[in-house]
Amino acid sequence: MTDNAFAFGLGVGTRNRDGQWLEVFFPQPLLQPGAALTRAAADLDSDCALDSGQLQTLGTALSDAGETQQAALVEQLRASARPAVAVLLREDSAPGNVPEAYLKLHLLSHRLVQPHGTDLQGVFGLLPNVAWTDQGAIDLKELPQRQLAARLRGQTLEVSCVDKFPKMTNYVVPAGVRIAHTARVRLGAYLGEGTTVMHEGFVNFNAGTRGAGMIEGRISAGVVVGEGSDLGGGCSTMGTLSGGGNIVISVGRECLIGANAGIGIPLGDRCTVEAGLFVTAGTKVNLLDDTGMPAETVKARELAGKSDLLFRRNSTTGAVECLTNRSAVALNEVLHAHN
Amino acid sequence: MTDNAFAFGLGVGTRNRDGQWLEVFFPQPLLQPGAALTRAAADLDSDCALDSGQLQTLGTALSDAGETQQAALVEQLRASARPAVAVLLREDSAPGNVPEAYLKLHLLSHRLVQPHGTDLQGVFGLLPNVAWTDQGAIDLKELPQRQLAARLRGQTLEVSCVDKFPKMTNYVVPAGVRIAHTARVRLGAYLGEGTTVMHEGFVNFNAGTRGAGMIEGRISAGVVVGEGSDLGGGCSTMGTLSGGGNIVISVGRECLIGANAGIGIPLGDRCTVEAGLFVTAGTKVNLLDDTGMPAETVKARELAGKSDLLFRRNSTTGAVECLTNRSAVALNEVLHAHN
Amino acid sequence: MTDNAFAFGLGVGTRNRDGQWLEVFFPQPLLQPGAALTRAAADLDSDCALDSGQLQTLGTALSDAGETQQAALVEQLRASARPAVAVLLREDSAPGNVPEAYLKLHLLSHRLVQPHGTDLQGVFGLLPNVAWTDQGAIDLKELPQRQLAARLRGQTLEVSCVDKFPKMTNYVVPAGVRIAHTARVRLGAYLGEGTTVMHEGFVNFNAGTRGAGMIEGRISAGVVVGEGSDLGGGCSTMGTLSGGGNIVISVGRECLIGANAGIGIPLGDRCTVEAGLFVTAGTKVNLLDDTGMPAETVKARELAGKSDLLFRRNSTTGAVECLTNRSAVALNEVLHAHN
Numbered sequence: 001m002t003d004n005a006f007a008f009g010l011g012v013g014t015r016n017r018d019g020q021w022l023e024v025f026f027p028q029p030l031l032q033p034g035a036a037l038t039r040a041a042a043d044l045d046s047d048c049a050l051d052s053g054q055l056q057t058l059g060t061a062l063s064d065a066g067e068t069q070q071a072a073l074v075e076q077l078r079a080s081a082r083p084a085v086a087v088l089l090r091e092d093s094a095p096g097n098v099p100e101a102y103l104k105l106h107l108l109s110h111r112l113v114q115p116h117g118t119d120l121q122g123v124f125g126l127l128p129n130v131a132w133t134d135q136g137a138i139d140l141k142e143l144p145q146r147q148l149a150a151r152l153r154g155q156t157l158e159v160s161c162v163d164k165f166p167k168m169t170n171y172v173v174p175a176g177v178r179i180a181h182t183a184r185v186r187l188g189a190y191l192g193e194g195t196t197v198m199h200e201g202f203v204n205f206n207a208g209t210r211g212a213g214m215i216e217g218r219i220s221a222g223v224v225v226g227e228g229s230d231l232g233g234g235c236s237t238m239g240t241l242s243g244g245g246n247i248v249i250s251v252g253r254e255c256l257i258g259a260n261a262g263i264g265i266p267l268g269d270r271c272t273v274e275a276g277l278f279v280t281a282g283t284k285v286n287l288l289d290d291t292g293m294p295a296e297t298v299k300a301r302e303l304a305g306k307s308d309l310l311f312r313r314n315s316t317t318g319a320v321e322c323l324t325n326r327s328a329v330a331l332n333e334v335l336h337a338h339n
Numbered sequence: 001m002t003d004n005a006f007a008f009g010l011g012v013g014t015r016n017r018d019g020q021w022l023e024v025f026f027p028q029p030l031l032q033p034g035a036a037l038t039r040a041a042a043d044l045d046s047d048c049a050l051d052s053g054q055l056q057t058l059g060t061a062l063s064d065a066g067e068t069q070q071a072a073l074v075e076q077l078r079a080s081a082r083p084a085v086a087v088l089l090r091e092d093s094a095p096g097n098v099p100e101a102y103l104k105l106h107l108l109s110h111r112l113v114q115p116h117g118t119d120l121q122g123v124f125g126l127l128p129n130v131a132w133t134d135q136g137a138i139d140l141k142e143l144p145q146r147q148l149a150a151r152l153r154g155q156t157l158e159v160s161c162v163d164k165f166p167k168m169t170n171y172v173v174p175a176g177v178r179i180a181h182t183a184r185v186r187l188g189a190y191l192g193e194g195t196t197v198m199h200e201g202f203v204n205f206n207a208g209t210r211g212a213g214m215i216e217g218r219i220s221a222g223v224v225v226g227e228g229s230d231l232g233g234g235c236s237t238m239g240t241l242s243g244g245g246n247i248v249i250s251v252g253r254e255c256l257i258g259a260n261a262g263i264g265i266p267l268g269d270r271c272t273v274e275a276g277l278f279v280t281a282g283t284k285v286n287l288l289d290d291t292g293m294p295a296e297t298v299k300a301r302e303l304a305g306k307s308d309l310l311f312r313r314n315s316t317t318g319a320v321e322c323l324t325n326r327s328a329v330a331l332n333e334v335l336h337a338h339n
Numbered sequence: 001m002t003d004n005a006f007a008f009g010l011g012v013g014t015r016n017r018d019g020q021w022l023e024v025f026f027p028q029p030l031l032q033p034g035a036a037l038t039r040a041a042a043d044l045d046s047d048c049a050l051d052s053g054q055l056q057t058l059g060t061a062l063s064d065a066g067e068t069q070q071a072a073l074v075e076q077l078r079a080s081a082r083p084a085v086a087v088l089l090r091e092d093s094a095p096g097n098v099p100e101a102y103l104k105l106h107l108l109s110h111r112l113v114q115p116h117g118t119d120l121q122g123v124f125g126l127l128p129n130v131a132w133t134d135q136g137a138i139d140l141k142e143l144p145q146r147q148l149a150a151r152l153r154g155q156t157l158e159v160s161c162v163d164k165f166p167k168m169t170n171y172v173v174p175a176g177v178r179i180a181h182t183a184r185v186r187l188g189a190y191l192g193e194g195t196t197v198m199h200e201g202f203v204n205f206n207a208g209t210r211g212a213g214m215i216e217g218r219i220s221a222g223v224v225v226g227e228g229s230d231l232g233g234g235c236s237t238m239g240t241l242s243g244g245g246n247i248v249i250s251v252g253r254e255c256l257i258g259a260n261a262g263i264g265i266p267l268g269d270r271c272t273v274e275a276g277l278f279v280t281a282g283t284k285v286n287l288l289d290d291t292g293m294p295a296e297t298v299k300a301r302e303l304a305g306k307s308d309l310l311f312r313r314n315s316t317t318g319a320v321e322c323l324t325n326r327s328a329v330a331l332n333e334v335l336h337a338h339n
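Residue numbers (our numbering), protein chains in the order written: chain U, 1 to 339; chain R, 1 to 339; chain X, 1 to 339.
Keep in mind the hints are simulated off the structure, nothing from the lab.
Keep in mind that the hints are not guaranteed to be accurate.
DSS-like, lysine-lysine: derived pairs with alpha carbons at most 25 Å apart [what the hints assert, rightly or not]:
| # | chain 1 | residue 1 | chain 2 | residue 2 |
| --- | --- | --- | --- | --- |
| 1 | R | K284 | U | K284 |
| 2 | X | K284 | R | K284 |
| 3 | X | K284 | U | K284 |
| 4 | X | K164 | X | K141 |
| 5 | U | K299 | U | K284 |
| 6 | R | K299 | R | K284 |
| 7 | U | K284 | U | K306 |
| 8 | U | K164 | U | K141 |
| 9 | X | K284 | X | K299 |
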C-alpha cells in the first residue's frame with residue numbers, strides 16, 4: 001500500500017429505497033491526503049454507508065493522526081441519521097461507483113483539480129438519472145408516489161432538475177464568484193476566482209474558467225476559458241460531448257466572444273469574435289494583415305489556438321474576415337510553419 | 001349517453017379564496033376510460049370540488065367496476081383535506097374550465113395524446129395567471145399579503161414563475177427523459193422517451209419530441225421534432241403563437257439544427273442547418289445539386305418539409321446556400337411538381 | 001429640514017452574524033411621502049434596525065398623521081422577530097447603504113420611478129454578494145456551515161442564486177405581468193403593465209418595458225423598451241455595463257427584434273431587425289429608399305434612434321441592408337441634418 005493517495009472525502013448522501021446511492025455531498029474533500037489519513041481509511045468500501053462502529057474507529061484514527069477537521073466532520077456525521085461514506089481514491093483512475101464519481105466532481109468544483117485534470121472516464125454511465133427536488137434527491141421510480149403524497153398534504157414537491165448532474169451551488173460555492181442563476185452551473189464545473197456567471201451563462205462539468213471573467217455565454221463540457229476573457233450573452237462554444245468532434249475547444253486569456261456568437265475552434269489569447277458571428281472549423285476566412293490587406297484565405301481550423309485575431313463578417317460583402325496585428329510575411333510564416 | 005368517453009382524470013388542486021381553481025394535478029389521467037368508469041363519473045361537475053359523499057359514491061362505483069387504481073386514488077383523495085375534482089371529457093372538444101384544461105395538458109405530458117392531438121382552443125383565455133411558489137399556486141391578488149406574512153415569520157416566499165402554465169415536472173416526469181432545468185418545460189409539453197432537454201433547451205405546451213433527441217434549443221408552441229434529431233444550443237424554431245404566421249413548423253427525423261441557428265420553415269428528414277444561420281420563409285437560397293453546382297435560386301418556403309437538405313451561409317460570398325444529394329434534374333422535378 | 005422627501009419605505013430584512021444587512025424587503029414603498037410621515041421618520045438611521053421603542057413611536061406618529069397603511073405595517077413589524085428598518089430618502093442622491101439601495105430597487109420594480117429615473121451611482125459596490133436560498137439570504141462566509149447542517153438534518157439547502165441582486169418576484173410582482181421564469185428578472189427591473197417575459201427573456205435592473213410587450217430576449221442594464229414591442233427569443237440588446245460603450249441602447253414603440261438577433265444601437269419606433277442579424281454601431285448598412293433602390297451606405301450608428309427602419313442581411317449578397325418608407329431625398333435630409 002502506498003501512502004500517497006490521490007484524494008479523500010467524507011460524505012453524506014442520499015440512497016434510494018434499494019440502498020443505491022443517488023448522490024453524495026462532500027463538504028471538505030482533500031487532494032493528496034496525508035499518510036495517516038490514508039491508512040485510517042484504507043479498509044473502507046467507497047460504495048457502502050459507514051456503520052456506527054466504522055465511524056467511531058475512523059474518528060479516533062483521524063483524531064490520533066492530527067486530522068482535526070476531518071475528525072470533527074466524522075463526529076458530525078455520527079450525530080446524523082443520514083448515510084455517511086468515506087471515499088479514498090488511491091490513484092486517479094476512472095471512478096468506479098457513485099460516491100467516487102461525486103468526489104471527483106467535488107474536486108473540480110472545489111478547485112482542487114483543473115478541468116481535464118482528473119480521469120472521468122465512464123462518469124455518464126455511472127451516474128443515475130435523479131429527480132432533484134426541494135425534498136432532496138429522489139429516485140425517478142419513487143417520484144410519482146412522492147409527488148402525490150406531497151399534494152395530498154397540500155404541498156408541491158418542487159422538481160427543479162431531472163438529470164445525472166446536480167447544480168454545483170447545492171454542493172459548493174467556491175470563493176469569489178457570482179452565479180446569477182445557479183441552475184446553469186453543473187457540479188464538476190471549475191470557476192476561477194473572480195468569475196461572474198450571468199443569467200444567460202452556463203458551465204458544464206469538467207469545464208470552466210481559469211481566473212476572473214464575465215460569462216454570459218455557454219461553456220460546454222471540456223471547454224476552458226482563460227483569465228480576463230468575456231463571453232457575451234448567448235454565445236456558444238462547441239463541446240466535446242456533441243458537435244465539436246475531436247477538437248477540444250478552449251479560449252485563451254483576454255478574449256472577447258460577442259453576444260450570440262460562437263466558436264468551433266480553440267482561440268488563443270486576446271482574440272475577438274464579433275457579436276452574432278459563428279466561426280466553425282470549416283468556415284473559410286479571408287485573412288487580413290496588419291495593413292488591412294487580404295493576405296490569404298484559409299479554413300478557420302488553421303487559425304486554431306492563434307492569438308491576437310479579430311473575426312468578423314464584412315457587412316458589405318458578407319465574407320468572414322480575420323484581422324490580425326501581423327504583417328503578411330509574419331502571417332505566412334505562422335500559418336505554414338511545421339508545427 | 002355514449003360509453004366511449006375521450007378522457008378521464010381524478011385530480012387534486014388549488015383554489016383561490018373565492019373558490020376558483022388555480023390549477024389541478026391529475027396523477028393518473030386516462031384516455032378512453034372504460035364504460036363503467038364513464039357511467040360512474042357521468043353526473044359529476046368538472047368544475048366543482050367533490051364533497052365527501054360524492055367521493056365515497058365514486059369510490060364504490062369504481063371499485064365495483066374493477067377500476068382498482070382509480071378507486072385507490074379516490075381513497076387517497078378522501079383522506080386529504082385538499083379539494084378533489086373528477087373530470088370526464090365525453091369528447092375531445094375545447095376545454096370549458098380550468099380542470100378540463102389541466103386534464104388536457106396532462107394528457108399531452110403523459111404521452112396519451114400527441115401535440116396537435118387534442119383540442120386546446122381557448123386554453124390561453126381559460127387559464128388564470130398564477131404565482132407558482134414553494135407554498136404552491138397562489139392567486140396574484142393574494143400574493144402580496146402572503147409574501148409579507150412569510151417575511152414576518154423569517155421566511156422567503158419563493159415565487160419561481162408567474163404564468164398561466166406551470167412547469168411540467170411538478171406534475172409528471174415521463175419515463176426515460178432528462179431535463180436539466182425544468183423551469184423551461186411547460187406542462188403540456190410532449191417529450192418522447194430518450195429525450196434530453198439540456199439547460200438551454202425549452203419546450204412549450206402542445207409541442208415536443210416524438211422520440212429520442214438532444215434538445216439544447218427552443219421548441220416553440222406547436223412545433224414537433226422527429227426522432228433522432230439534435231437541436232443545438234440556443235437555436236430557435238418559430239412558433240404558432242408568435243412570429244411563425246400560419247406555417248406550422250416541424251422538424252423531421254435525424255435533423256441537426258446548429259447552435260444559435262433558427263428556422264422559419266418546417267424541415268423534412270436528415271436536414272442540417274449550419275450553426276448561426278437563421279432560415280426564414282422569405283430567405284433566398286442558392287440551391288446546389290449533388291455535384292455542388294448552382295441549380296436554382298428559390299425562397300426557403302419552397303423547400304419546406306423537404307428531406308436531405310443542408311443549409312449554410314457561404315462564408316466567402318455571404319449567400320445562403322442549400323446542398324442536397326439530388327441531381328439538378330431531380331431537384332427541378334421536386335420543386336416544380338404540382339403538389 | 002424640507003418636508004418634500006423623495007421616498008420612504010418600511011422594510012424587514014436579513015442581516016449576517018455581524019449585523020450587516022444582506023437585503024431588505026419593502027412591502028409598501030412610497031414616493032414623495034407626506035410631510036407628517038417625513039417628520040415622523042426624520043431622526044431614524046436608515047442603516048440601523050429599529051428597536052421596539054422606535055417602532056412604537058413611529059407607529060403612533062404615523063397613526064396620528066393619518067398614514068394608516070404605513071401605521072398598520074409598523075404594527076406587523078412590531079409583532080415580528082425579524083429586523084425592521086425605516087428608510088427616508090430626503091432627496092434622490094446616490095444610495096448610501098444597503099437599505100437605501102434596496103429601497104431604490106423597489107421604487108423601480110413597483111413602477112414608482114422609471115429606469116434612469118433614480119440615482120443608482122455606486123450601487124454595485126454597495127450591495128453585498130449573497131447566497132439566495134430557500135432559507136433566505138445567507139452570507140457567503142456562513143454558507144458552508146449552513147449547507148452541512150442542512151444535510152445532516154436530511155435536507156438540502158437550495159442555493160438558487162449567488163449574486164448582488166435578487167430576483168424581483170420575491171419582492172414584488174407588479175400588476176398585469178407574466179414572468180415565465182422569474183430567475184431572469186432582477187430586482188430593480190421595471191416591467192410595464194401587459195408585459196410578458198417568456199422563459200428566454202431577461203430583464204436587468206434599471207431597465208425594462210414602458211408598457212405591454214412580449215419579451216423573449218435580453219433587456220440589458222439600462223435598456224428601455226417602448227410599448228408594443230416584441231423581443232424575439234434569444235435576442236440581445238447591448239447594455240451599459242458591458243459591450244455597449246457609452247451609447248445607451250433603447251427600443252422604441254412597436255418594434256420587432258427577431259429571434260437570435262441583436263442591436264448595438266438604439267432603435268426608434270416601428271423598427272424591425274430580422275431574425276439572426278446582429279447590428280452593431282459599426283456595421284456598414286446599405287440604405288434602401290422607399291422604392292427599394294440603394295440610396296447610401298452608412299454606419300449603423302448614423303441610424304441610431306430613427307424610426308420605420310427594417311434591417312436585414314441580403315441572403316444573396318450577404319450585405320446588411322436597411323429598408324425604409326422614405327424617399328431617397330427625404331432620407332438624405334434626415335441623415336445629414338445638423339442635429
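Hints, one by one, checked against the model:
1. For the suggested pair K284/R and K284/U, the alpha carbons sit about 21 Å apart, so the restraint of at most 25 Å is met.
2. For the suggested pair K284/X and K284/R, the alpha carbons sit about 21 Å apart, so the restraint of at most 25 Å is met.
3. A hinted pair counts as satisfied when its Cα atoms are at most 25 Å apart, and K284/X with K284/U qualifies at roughly 21 Å.
4. Taken as a hint, the K164/X and K141/X pair is honoured in the structure, with Cα atoms around 15 Å apart against an allowance of 25 Å.
5. The hinted pair formed by K299/U and K284/U meets the criterion: a straight-line CA distance of about 4 Å does not exceed 25 Å.
6. Proximity of K299/R to K284/R is assessed by CA-CA distance (about 4 Å); at most 25 Å being required, the pair is judged to hold.
7. For the hint pairing K284/U with K306/U, the CA-to-CA distance comes to about 16 Å; that is within 25 Å, so the pair holds.
8. Distance restraint check for K164/U and K141/U: the Cα-Cα separation of roughly 15 Å lies within the 25 Å cut-off, and the hinted pair is therefore satisfied.
9. Under the criterion of a C-alpha separation no larger than 25 Å, the hint pairing K284/X with K299/X is consistent with the structure, at around 4 Å.
In summary, this structure violates none of the numbered hints.
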